[in-house]
Amino acid sequence: MEKISVICPVYNSEDFIGDLIRSLQRQTYSNFECIFVDDCSNDKSCELLMNIKESRFNVYQNEVNLGAQKSRKKGYLKATGEFVTFIDSDDHLDPHFLEKMIFKIKNDHSDVVMCNYKVIDTHNKVIRENKAVTPVNHSCFPVNPEQEPQVILSKPAFWNKLYRNAFLIKYIDFPDVKLAQDLAVIPYVLSKANKISYVDDSLYCYRIKQDSISNTYDEQLLEINKSLEQLTHRLESHYQDELEFMTIGHSFFQMSKTIFIKEKAKRIEIYQQLRDYIEETYPNYKKNKHFKKRLDYKVFTFILRQTFLIKSTLLNYIIKFIVKNRLINKLIRKSDK
1 MEKISVICPV YNSEDFIGDL IRSLQRQTYS NFECIFVDDC SNDKSCELLM NIKESRFNVY
61 QNEVNLGAQK SRKKGYLKAT GEFVTFIDSD DHLDPHFLEK MIFKIKNDHS DVVMCNYKVI
121 DTHNKVIREN KAVTPVNHSC FPVNPEQEPQ VILSKPAFWN KLYRNAFLIK YIDFPDVKLA
181 QDLAVIPYVL SKANKISYVD DSLYCYRIKQ DSISNTYDEQ LLEINKSLEQ LTHRLESHYQ
241 DELEFMTIGH SFFQMSKTIF IKEKAKRIEI YQQLRDYIEE TYPNYKKNKH FKKRLDYKVF
301 TFILRQTFLI KSTLLNYIIK FIVKNRLINK LIRKSDK
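With full-length UniProt numbering, the residue at position 242 of the sequence shown is 242, and numbering never jumps.
Treat the hints with caution; some may be incorrect.
Straight line, CA to CA, 27 Å or less: simulated DSSO-like cross-link-like pairs of lysine-lysine [as the list claims (entries may be wrong)]:
{"#": "1", "residue 1": "Lys226", "residue 2": "Lys292"}
{"#": "2", "residue 1": "Lys78", "residue 2": "Lys106"}
{"#": "3", "residue 1": "Lys155", "residue 2": "Lys287"}
{"#": "4", "residue 1": "Lys257", "residue 2": "Lys125"}
{"#": "5", "residue 1": "Lys3", "residue 2": "Lys53"}
{"#": "6", "residue 1": "Lys131", "residue 2": "Lys192"}
{"#": "7", "residue 1": "Lys286", "residue 2": "Lys298"}
{"#": "8", "residue 1": "Lys3", "residue 2": "Lys70"}
{"#": "9", "residue 1": "Lys155", "residue 2": "Lys226"}
To be clear, the hints were calculated from the coordinates, so they are not data collected in a lab.
All chains should be modelled from the sequences, with the hints used to inform the complete structure.
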C-alpha cells in the first residue's frame with residue numbers, strides 16, 4: 001500500500017482546523033502522512049495541531065511568517081510519500097478522498113487525478129458543487145493534455161488533486177506571488193502530465209470566507225498579472241489558446257472585485273490597469289475559441305468593460321441581478337454544456 005503525503009500550510013485557522021483534522025482521521029485509506037506547516041499563527045491553530053497524538057501527523061513551525069506558498073514548499077520538501085496532495089487549512093476532505101483518488105490514479109497509470117469539489121460557507125453549509133473539468137467531456141478521461149489541451153483549463157488549484165510524486169518533483173514550483181499562486185503553477189504541471197484522470201465525485205470541501213477587501217488587498221488585485229506572466233513564460237505554444245482564455249477569465253474576475261474598493265480614485269486606477277493588461281496582451285481575445293463558446297463570459301466581460309459602471313456602485317447591483325435571475329442563469333448553464 002503506497003503512502004500519500006498530505007501537505008497543509010496553516011495560518012490562523014483555529015475555527016476550522018478541527019474539521020480538517022477530523023476529516024483526515026476518518027479517511028478510509030490509512031497509509032498517509034500529514035505535514036502541517038504553521039506559519040506563525042497568532043491563534044490556537046498550532047496548539048490544536050500539537051494535541052494530535054498520532055505519528056502520521058507531523059507539525060512544523062516557521063520561525064518567521066513566510067506566507068502560504070513558501071510554507072507549502074517547505075511541507076512538500078519533507079514529503080516521503082509516493083503520491084502527494086495539498087489541502088488548505090480552512091477546508092476539509094470527504095472520508096473517501098484518498099481512497100478514491102489513489103485507486104483512480106493507479107488504475108489509469110496517470111500522473112495526476114482530479115475530483116469535483118463542494119463550495120461551503122463558514123457553517124459547513126454547501127453553497128454549490130463545482131465540476132473540476134468542465135472544458136472536457138468526462139467520457140474522454142484519462143486524457144493526454146497534448147491531445148486534449150483544454151484540460152489545462154480545469155480548476156487551477158493545488159487542492160482537489162492527487163499527484164504521482166515521481167512526476168510532480170520534475171515540474172512543481174512555488175513562485176513567490178501574493179495572488180493566484182495556484183494559477184502560476186498548476187496549468188503548467190497539468191500540461192506536462194502523460195495522462196490525467198478524473199473522479200466525477202465531490203470529494204473536496206472548499207470554504208469561502210467573507211473577507212473584506214482592504215487597502216492592502218487593492219494592490220494585490222494586480223498580482224494576477226504576475227501570476228499570468230509566470231505561466232506565460234512556461235507554457236508551450238501548443239497551449240496559447242488556453243493561456244489566452246485563462247488570462248481573460250482571471251483578469252476579468254479580478255476586475256469584478258474592484259467594485260468593492262471604496263475609494264473611487266483607487267477603484268478606477270486598479271480597474272484601468274487590469275483592463276489595459278488584457279487589451280494590450282490579447283487585443284483579439286473575443287475571437288478566442290474557448291471564449292466564443294461561453295455566454296457567461298461574454299455577458300460579464302461586456303458589463304465589466306463599461307467604465308462608467310465602475311465609477312459608480314451600479315455594477316454591484318447588476319452582478320447581483322444576473323446571479324439571482326433564473327432565466328439568465330439557465331442560459332449560462334446551457335452555454336457551459
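Each hint tested on the structure:
{"no.": "1", "hint": "Lys226 with Lys292", "verdict": "26 Å, holds"}
{"no.": "2", "hint": "Lys78 with Lys106", "verdict": "23 Å, holds"}
{"no.": "3", "hint": "Lys155 with Lys287", "verdict": "23 Å, holds"}
{"no.": "4", "hint": "Lys257 with Lys125", "verdict": "24 Å, holds"}
{"no.": "5", "hint": "Lys3 with Lys53", "verdict": "19 Å, holds"}
{"no.": "6", "hint": "Lys131 with Lys192", "verdict": "22 Å, holds"}
{"no.": "7", "hint": "Lys286 with Lys298", "verdict": "8 Å, holds"}
{"no.": "8", "hint": "Lys3 with Lys70", "verdict": "23 Å, holds"}
{"no.": "9", "hint": "Lys155 with Lys226", "verdict": "19 Å, holds"}
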